[in-house]
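Chain order of the listed sequences is Y and W.
To convert, note that position 60 of the first sequence is 60 in my numbering; the numbers rise steadily by one, no gaps.
One gets my numbering by counting positions in the second sequence from 1 and adding 1000 to each.
Think of the hints as simulated: they come from the structure by calculation, not from any bench.
Computed from a predicted model, the values in this text were never measured in an experiment.
A portion of the hints provided could be inaccurate.
Simulated crosslink set (DSBU-like; lysine-lysine; CA at most 30 Å straight-line) [said to hold, decoys possible]:
#, chain 1, residue 1, chain 2, residue 2
1, Y, Lys10, W, Lys1444
2, Y, Lys409, W, Lys1010
3, Y, Lys10, W, Lys1527
4, W, Lys1444, W, Lys1532
5, W, Lys1409, Y, Lys10
2 protein chains.
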Amino acid sequence: MTDFTSGLGKTAANYQALSPVSFLGRTAAIWPDRLAIIHGARRYTWRQTAARCHQLAAALTTALATHGTGTGDVIAIMAPNIPEMVEAHFGVAMAGAVLSTLNIRLDAPTIAYILRHAEAKVLLTDTEFAPVIRAVLAELGDDAPLVIDIADSEGPGGERLGVMDYDAFLETGDPAFVPAMPGDEWSAISLNYTSGTTGRPKGVVYHHRGAYLNALGNATTWSMGQHPVYLWTLPMFHCNGWCFPWTVTLLAGTHVCVRRADVAAIADAVATYGVTHLCGAPVIMTMLLNAPAPVLSKITGRGLAMMTAGAPPPAAVIEGMEALGVALTHVYGLTETYGPVTVCAWHDEWDAQPPAERARLRARQGVTSSVQEGLMVADRETRLPVPADGTTIGEVFIRGNITMMGYLKEPAATEAAFEGGWFATGDLGVMHPDSYVELKDRAKDIIISGGENISTIELETVLYRHPAVLEAAVVAAPDARWGEVPCAFVALKPGASVTTEDLIAFCRANMAHFKVPKRIVFGELPKTSTGKIQKFVLRAGL
Amino acid sequence: MTDFTSGLGKTAANYQALSPVSFLGRTAAIWPDRLAIIHGARRYTWRQTAARCHQLAAALTTALATHGTGTGDVIAIMAPNIPEMVEAHFGVAMAGAVLSTLNIRLDAPTIAYILRHAEAKVLLTDTEFAPVIRAVLAELGDDAPLVIDIADSEGPGGERLGVMDYDAFLETGDPAFVPAMPGDEWSAISLNYTSGTTGRPKGVVYHHRGAYLNALGNATTWSMGQHPVYLWTLPMFHCNGWCFPWTVTLLAGTHVCVRRADVAAIADAVATYGVTHLCGAPVIMTMLLNAPAPVLSKITGRGLAMMTAGAPPPAAVIEGMEALGVALTHVYGLTETYGPVTVCAWHDEWDAQPPAERARLRARQGVTSSVQEGLMVADRETRLPVPADGTTIGEVFIRGNITMMGYLKEPAATEAAFEGGWFATGDLGVMHPDSYVELKDRAKDIIISGGENISTIELETVLYRHPAVLEAAVVAAPDARWGEVPCAFVALKPGASVTTEDLIAFCRANMAHFKVPKRIVFGELPKTSTGKIQKFVLRAGL
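Next up, chain Y with everything else stripped away, as it sits in the complex (with noise of 0.2 Å):
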């Protein structure tokens, strides 16, 4: 055998560990005077961004120093889609530190939880949320981070609760900071804690690796050129926007931000700016299609590009935006998956399928993205693939460079969660024949009515296919016969109306007769701040 060992090790010439903060600096270097970010009247280019996120890494890096800590340390941010999240997705690693971006919408309680679990050592915060987080800070006494206020131009204003200004902050770091690059591409890049919609939020963390290959992973996946101009509707503190920060950066792109993705500030973005990608659950597409039409013409036949996620998007959503022009991308994902991990890709030839087969088609979550390496719907028990017949239900298991490091301070759990040698999901789906998985239900949203698995996904697409309704949600009610039966909770588009009877007679003339929901729940559904029902509050109303 030749030996491909001697002398052939790794050196400084020929090896760098894997880390998106290099995408900075080579944008930075090319298109120094190439707009970086828009937000409302503010502009920066890539040279400025560039020299921001080198001051905020020096901050950074002074501020840990004189509390006698440093690399491995917890930023947190408490900001909407602003420049300063973009900014310190790469000023925060730059300075060899931990990025954990808030969720803007929880409770104090939980923020104080997440800050002291993360062990944060400094908190960025829009002054929008000072009320929340002066709570936060009153419950952590001594132990609460350096504050930094983030005063936006944009914003509304705001009580400052820290040591200085942003802006400030930026002012004492040198722009030509030498950035701080990992000496091990599997070192922590980001935390971000899950919605914890059951028990506590765990700390979900990324690796300067993952974030690195998934931002490649989503540029090939989605066939992203150079410059993009990219709308952030997505949250970025919702897994690291799903690694766009970086992606865009790579590729050039301009960040369009706003504090709110309403959809007059998504027109209006897409209209002066030419927006070319956004992303978002389906909730951003259902506003969309209930736009007044002078807001949808300046949408309409723009060739923008869309990916979504949380739910599949049903039949009339799918046809809605085809008739807006905007290409519809499909995926899959969860925290610990770095975002979308999975995407429905699609086949020309099913261009010329009729619309609901189409939609059937694109309504399944898919394929591996580009830089992920295995996907499985396999027994829970024995880890052993289902058959691909499109019907047997198994749990999604996945692998790859895509999956977290694990949950931090929580081994038991990040062993569980990887058992096997994958990562299980706990959502249930199927494998078709062509090798698209399907996901059924989450593990725990499942019904079991009379022993047969009822998949609230399934009911649920057939209750969106009636006209009158908006958004629909079937969770397990108890049942003193069938164990558990199935109840819809239904919302209604503005002006329709369906009765009880009417609904019921849909369904049944759409699925089997024992699926057909027990009860129905007209009102409005409870959503987390990234879009997804939540059923827990429906289930806890029962």
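Since the structure of chain Y is provided, determine the placement of chain W on it from the hints.
Structure of chain W alone, referenced to chain Y:
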């Protein structure tokens, strides 16, 4: 500091050694019926390609085991751009072996040297090359590898030298073979011998990590979307086709093979298969621009994207390609950097420049590709960067993950190349104020005349501007008074004529007088198999 090490280690769920082998499995699973390879009348879908690669890997595994060897063995291939070359880029790695692609224009003694140096265990050889391989085998005697003949139905036929034909060899392998994945991504995947214009060829070792990353880097640097139709004009034996066997597979594109990259074959492939991308040396462009009108009409306005390297394209060539509607991307690299490692990234605002200025901008070698880390022009001794003034000449240095593991069995040469933590390219250039590198010469080509450096590239650029000049190369001629003086070798366009006096006058009008060639020789220029002009041959004739 927060502890990000405990319980957050690598597992099979969250870590996989990077390898381009993964791309084939994913693409074949998602797009089994999509066309993977076109070669004349031969057609393979991704399902078929994956099966053939698995069979090759299985057959090689058995063959190597029979000979008491295995992982890390070298498999050599002597073939033009045919399906078997694509298959070898996956099947060999899937057997845990290392691919060495041979330059099909090499002579028998050099090939024998390479096979002995590489300790090749198997040689896959296209029957067209039976005459030279017969001589190689005679020279190797008992050291000859196991030989498998590739009898391409699109080829000219030829004598069989091996134990069996490639297709029969595949038949011995199981299409369901489970590919070997490297345990360590820092493992050799291929071995590329330098062209050895001076001294013996050196064996440049690539690893799985670099091949994976450069495959992604090609896609993002060149804004390639899904499903490119890629024409194989660049030899796959050259730096593993700049890693495009892996890139095109990652993107589920189509490999269009041709045994000879002549103008008719290129035009037919563009017209027939809708080719979107191709790569090649400047000779390809010269060929195209001098093609007859009916051939050109098949290419014009097709939106073709071409990547070129090897020499900065002259202004006339750039303008000619623009007129054809070909989007030209100028890149630069070396065998040691997996092929292209810099790119002349285009700025939209340059479109408004006059043609000569556009050509000047585009002729620069540019900036690092997406996945490379560092590029500098520095003093050879001190490794300190020269001023970014566009005039101070220094050596070009490169660092990052797209740099070879080293030279096989040449630890001293490897150490010298990587001294100071940078790979010394041996090329001389300048750094422009906008951080774009422009090559001025090979270190060994620069002319030192009366103590002044004369860039041969600069002189050639001027000569190329003369309407009668097809190709030009300038080398140093010994001179009693000045030490060295420039001597120009010039090939004229068909039907064109110009006198020595006129050409000298043209030079005097366009460059400093001390740089004007003292002698001009007319005639065809000697070239390497990849289209590079062989200056050492010209020098030897002086």
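The hints, checked one at a time:
1. Y:Lys10 / W:Lys1444: Status holds; Cα separation ~28 Å.
2. Y:Lys409 / W:Lys1010: holds, 16 Å
3. Y:Lys10 / W:Lys1527: The given pair, whose Cα atoms are some 35 Å apart, is violated under the 30 Å limit.
4. W:Lys1444 / W:Lys1532: holds, 15 Å
5. W:Lys1409 / Y:Lys10: holds, 16 Å
Violation of the numbered hints given earlier is confined to hint 3; every other hint is satisfied by the structure.
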